[in-house]
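Keeping their order, the protein sequence lines are chains A and B.
Note that the first sequence covers residues 1 to 196 in the UniProt record's numbering.
Note that the second sequence covers residues 1 to 196 in the UniProt record's numbering.
Derived by calculation from the structure, the hints in this document are not laboratory data.
One or more hints might be untrue.
Since the list gives no way to pick one copy over another, a pair counts as held whenever it fits inside one copy or between any two copies.
Claimed, not checked - Under the rule of at most 27 Å between Cα atoms (straight-line distance), these lysine-lysine pairs were calculated in the DSS-like manner: (1) Lys49 <-> Lys144; (2) Lys193 <-> Lys93; (3) Lys144 <-> Lys193; (4) Lys93 <-> Lys144; (5) Lys49 <-> Lys16; (6) Lys93 <-> Lys184; (7) Lys16 <-> Lys93; (8) Lys193 <-> Lys49; (9) Lys144 <-> Lys16; (10) Lys184 <-> Lys49; (11) Lys16 <-> Lys193.
2 protein chains.
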Amino acid sequence: MPKPSLRETILDAGLKAMFRTGYHGTSVRDVTAAAGAPQGSFTNHFRSKEAFASEVLDRYFLYVRGLVAEALDDRSAPPRARLRRYLDLITGKLANDGFTRGCLIGDFSLEASGSSELLREQLDAIFREWRVPFAACIAEAQAKGEIASDFDADELADFLLASWQGAMLRMKVERSEAALARFKTIAFQTVFKELP
Amino acid sequence: MPKPSLRETILDAGLKAMFRTGYHGTSVRDVTAAAGAPQGSFTNHFRSKEAFASEVLDRYFLYVRGLVAEALDDRSAPPRARLRRYLDLITGKLANDGFTRGCLIGDFSLEASGSSELLREQLDAIFREWRVPFAACIAEAQAKGEIASDFDADELADFLLASWQGAMLRMKVERSEAALARFKTIAFQTVFKELP
Chain A
1 MPKPSLRETI
11 LDAGLKAMFR
21 TGYHGTSVRD
31 VTAAAGAPQG
41 SFTNHFRSKE
51 AFASEVLDRY
61 FLYVRGLVAE
71 ALDDRSAPPR
81 ARLRRYLDLI
91 TGKLANDGFT
101 RGCLIGDFSL
111 EASGSSELLR
121 EQLDAIFREW
131 RVPFAACIAE
141 AQAKGEIASD
151 FDADELADFL
161 LASWQGAMLR
171 MKVERSEAAL
181 ARFKTIAFQT
191 VFKELP
Chain B
1 MPKPSLRETI
11 LDAGLKAMFR
21 TGYHGTSVRD
31 VTAAAGAPQG
41 SFTNHFRSKE
51 AFASEVLDRY
61 FLYVRGLVAE
71 ALDDRSAPPR
81 ARLRRYLDLI
91 TGKLANDGFT
101 RGCLIGDFSL
111 EASGSSELLR
121 EQLDAIFREW
131 RVPFAACIAE
141 AQAKGEIASD
151 FDADELADFL
161 LASWQGAMLR
171 MKVERSEAAL
181 ARFKTIAFQT
191 VFKELP
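Bound-form chain A, shown alone:
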C-alpha cells in the first residue's frame, strides 16, 4: 500500500490552520507543526506560502464544486427548489462546525486579496466559475416562469453568491443560524419570489 503523501497531509493541515487564523496569520511553521512534518518537507513540496495557499484554495473550491453539483444537478427538482437546496446543504455543513467556520473563499476574499495578487486573481476566477451553474439554474427558473425575469440570470447569480457570503459573515459573529435563515427567507420571498 502506498504511504499517504506528506503533501496531502500538509495541505489538509493548511486548510484547517487558514480557516482558523487566515492567510496572514498562518505561518509555514504552524502548518508543518500541525501536519507533524519537518519544515524542509514543506519547501520540497511548495514554492512559497502564497503558492501553498493557492493550492489550499483550489482544493477547497473543488469541494464546493461538489456541493454545487449535488444541489443543482439533480433535475428531479424544479430549478428554484434546487437553488434553495444549495443554501440548505451549506447551512447543514456550517451547523456541523457549530457556525464557527464560514467559507474559505470569503475569508481569503477579505483577508488575502489585498496583499496577494496571485490569490486575488484566483478568487476572481473562482467567483466567475462559481456563478455559471447558478446562472444556468436561475435562467431555467426564469424560462419556466417560476421567478421574475427582471434581471439577467448572471447578475442574480452574482447577487446570490455575494449576499450569501454576507450572511455567513454575520453568522460567524453570532455563532448561530439566524443570519442564514434570515437571508433565505427574505431572498426567496423577494428577489427569488415564486411567481403565481
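Following the hints, complete the assembly by docking chain B onto the known chain A.
Leaving out everything else, chain B in the frame of chain A:
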C-alpha cells in the same frame, strides 16, 4: 501646543495595518514600526494586541456611526432615499481607496471572530447597534407606504447590512464598483422596491 499623543498615532497605524494584513497578520512590532514609536510605548498604552484591536475597532465604528448619521438623519429626504444615500456615501469612500479596502467590521468578523471572544462579542454588539438607525429608517419607509411591510424592519435592517458586507467582499476581489452597483440595483428593485 500639546504634543500629539503617541497613543493616537499608534491607533491610527494599527487601523491601517489591520486593514492591510488583518488581526492575525499584524504584529505589535509592525504597528509600532509604522507609528515610529518604541515598542515599549505600545505596552504603556495597551494591555495586549487583542485589547488594542478592540480599541481600533471601536474607533472605526465611531467613524461608521458618523456616516450613518450623515446619511440617515437628514429628514429632508424620504426614508427610502436615505437608505440608498448611505450605500452611495459608502461607495464613494470605497472608490477613494480604489476599492482595495472594505469595512474593518466585516474583515474582523471573518478573520478574528473565531479566535478572539472579546472581539467576537464586540462585533456582535456593533452589529446590534448598527441595525437600530437602519431599522428606524425602514420602519418609517414602511409606515409611509414607500416599501412593503411583509418583513419586520429589524430583519430587513440586518439583511441589508449583512448583504452589503457580501457586496464589499466581492468588490475587494474585483477591485471595482460592479458588486456594489449590482447590490444597490437589485435590492432597491426587489427587497426595498418603491411601492406605486
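These are the hints, each one checked on the structure:
no.: 1; hint: Lys49 <-> Lys144; verdict: neither (47 Å within a copy, 55 Å between copies)
no.: 2; hint: Lys193 <-> Lys93; verdict: within (25 Å within a copy, 33 Å between copies)
no.: 3; hint: Lys144 <-> Lys193; verdict: both (13 Å within a copy, 24 Å between copies)
no.: 4; hint: Lys93 <-> Lys144; verdict: neither (30 Å within a copy, 41 Å between copies)
no.: 5; hint: Lys49 <-> Lys16; verdict: both (15 Å within a copy, 23 Å between copies)
no.: 6; hint: Lys93 <-> Lys184; verdict: within (16 Å within a copy, 30 Å between copies)
no.: 7; hint: Lys16 <-> Lys93; verdict: within (15 Å within a copy, 34 Å between copies)
no.: 8; hint: Lys193 <-> Lys49; verdict: neither (44 Å within a copy, 46 Å between copies)
no.: 9; hint: Lys144 <-> Lys16; verdict: neither (42 Å within a copy, 50 Å between copies)
no.: 10; hint: Lys184 <-> Lys49; verdict: neither (36 Å within a copy, 37 Å between copies)
no.: 11; hint: Lys16 <-> Lys193; verdict: neither (37 Å within a copy, 42 Å between copies)
In summary, the structure is inconsistent with hints 1, 4, 8, 9, 10, 11 from the numbered list given earlier, while agreeing with the others.
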